[in-house]
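Got chain G sorted already, so can you dock chain H onto it with the hints?
There are 2 protein chains.
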Amino acid sequence: MMERIIAPFTELVLRDLDKVEERMRELPPDVDPNLKVAIKQLINSGGKRLRPTLTLLSGEMLGADPERIINLAAAIEMLHTATLVHDDLIDGALLRRGNPTLNAQWSAGATVLSGDFIFARAAYLAAETRSLELMRIFAEKLMVMVNGEIAQLFGTSTGNIRKDYFNRIYEKTASLFEVATHGASLLSKCDDEIRHEMKVFGYEVGIAFQIIDDILDFTGDQEKVGKPVGSDLRQGLLTLPAIRYFEIHPDDPAKDKILNGGSGWDNELEPVIHRIRNSEAIQESFEEARDFISSAQNRLSRMPSGEKRDALFDLADYTVQRPL
Amino acid sequence: MMERIIAPFTELVLRDLDKVEERMRELPPDVDPNLKVAIKQLINSGGKRLRPTLTLLSGEMLGADPERIINLAAAIEMLHTATLVHDDLIDGALLRRGNPTLNAQWSAGATVLSGDFIFARAAYLAAETRSLELMRIFAEKLMVMVNGEIAQLFGTSTGNIRKDYFNRIYEKTASLFEVATHGASLLSKCDDEIRHEMKVFGYEVGIAFQIIDDILDFTGDQEKVGKPVGSDLRQGLLTLPAIRYFEIHPDDPAKDKILNGGSGWDNELEPVIHRIRNSEAIQESFEEARDFISSAQNRLSRMPSGEKRDALFDLADYTVQRPL
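Chains G and H are the protein sequences, given in the same order. Taking this note's numbering, the leading residue of the first sequence gets -6, the next gets one more, and so forth. Taking this note's numbering, the leading residue of the second sequence gets -6, the next gets one more, and so forth.
Among these hints, one or two may not hold up.
Identical copies look the same in the list; a pair holds intra-copy or inter-copy alike.
[As the list claims (entries may be wrong)] Lysine-lysine pairs mimicking DSBU-like chemistry, simulated, CA-CA at most 30 Å apart:
hint	residue 1	residue 2
1	K156	K33
2	K29	K156
3	K156	K248
4	K41	K165
5	K165	K33
For the record, the hints were derived by calculation from the structure and aren't laboratory data. Model, not experiment: these values are computed from the prediction.
The following block holds chain G by itself, in its conformation from the complex (with noise of 0.2 Å):
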């Protein structure tokens, strides 16, 4: 509620997404009075609810059943907090929307088995489409965050470090904005042509809305944000603006140590940040985000005219127009 985005687009589904919130709310009568609070806690800390917005959208345009969309929605938006549960856990993030987290609060065990109950809860939801097809999809989309995950904890690289970049941001974030698309269009009456149109629209969004994340790690305001500018890079994760600086500056002298993930170059990290930051690598990563937004948007021309339409058209902009 709190987070939401207040923009013209999310108007047209406002009272699907109170319904879309009241059914993350649902749940079975025996729960643990205390899952029931922090559950409740992490529904009502929010966050943008750009996932169901899209969902919603994407079903509602193509006369997907309103209370199966629905179903949908929740279960997206209960998947994508279910990581977030087991992420803070895993990064020891004590805040997130500027809410301590349950493992601020919790045992690392108790904060284990909620992030674990929410998963069920929407592997639930998703159960309740009753869409074969979409639980299968459901269920592979949850294997491939998660092997996402692990592939950046071991550091496991193909070798070509913009692949191994897009290859996360596909498994970490894209891959839940393709089953909210594609699972809307599963749900609706249309063509296999349309569904796989609308599959490479969730892609496309999703990859230009993880860039743009990637980008405000760079440019945001530190004090908004939360975060050191720069994070990812002093993590170890190469994003976009960092990959795309050192091709354009193949003799930057911090680029070996840097691409090569070795330590020891601690002094250097502050400098090469500042260079990242202030290069032309950031508006052609913008570039790179908003040729797939153009792309995505392309897509909705073969898909039915009508509010809805535009508003996921407004939809794709709004997540290159965040403010950089």
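Same frame as chain G, now just chain H:
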């Protein structure tokens, strides 16, 4: 493979059990190599495969489609494996079935994520059964299982220790046995009454199985079990032998301290474990398990006769005939 039950009732499904293991080993091609090793190791370290055996025998007795029943059996064993990965992490257990646990080898983060991946894989295999009803039940029981763990962690109580105990062993163990037999019936052509009977059959076998486990915690060979006698009670967990003991001996001096779960009774622990172990509570707990098995076996009389039904009868017997 290694630890599998050697009993006539497994012989009927040995080849299908191999197929279940194969299905469990199948992974998407781009799974992280570290995760692949971990999953392979978890599957190799075996286990009795009681849940898949129960699933296969139930499905084959009722004429389920072989492919779908193999998927269900693999899904159930994967789900069981995932819960063990997280449980061992939470308990800080370093050994399981004589092998080092994942958390003994990996960071907590990598262990959490591996468990998550195996949950996702279990959900995927469940979706491969192509039964919506089964998917729903599968997700529901995962919630039940995790909720049980959370309630145990927080010591949540209804105020009735017997009720708490039976709730907990339902959540922890019998719920998944129930999915095995009920799920198998859902993949078979049979009426709702048969499905109900199969569900209760699985429930009863699961409850008996856990009661016997809890008895073995008091009576088992300390070296063989790898845990001290009375390890549950040492952790503050009241199981049937202790509950029954205090029902029979309401004047036992340790009763109040132990039932109220307080601390400060460490030096009374050894003697009370000894008293429980040598009391009639052991035999009476065994009788309770035996009653569940008799009831379960009676239900089989309504099922199609033949070697599969006979094997299920023997499997039920096996659960209460493990060396006491």
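Hint-by-hint comparison with the structure:
| no. | hint | verdict |
| --- | --- | --- |
| 1 | K156 / K33 | between (39 Å within a copy, 27 Å between copies) |
| 2 | K29 / K156 | between (41 Å within a copy, 21 Å between copies) |
| 3 | K156 / K248 | within (18 Å within a copy, 64 Å between copies) |
| 4 | K41 / K165 | within (17 Å within a copy, 36 Å between copies) |
| 5 | K165 / K33 | both (25 Å within a copy, 24 Å between copies) |
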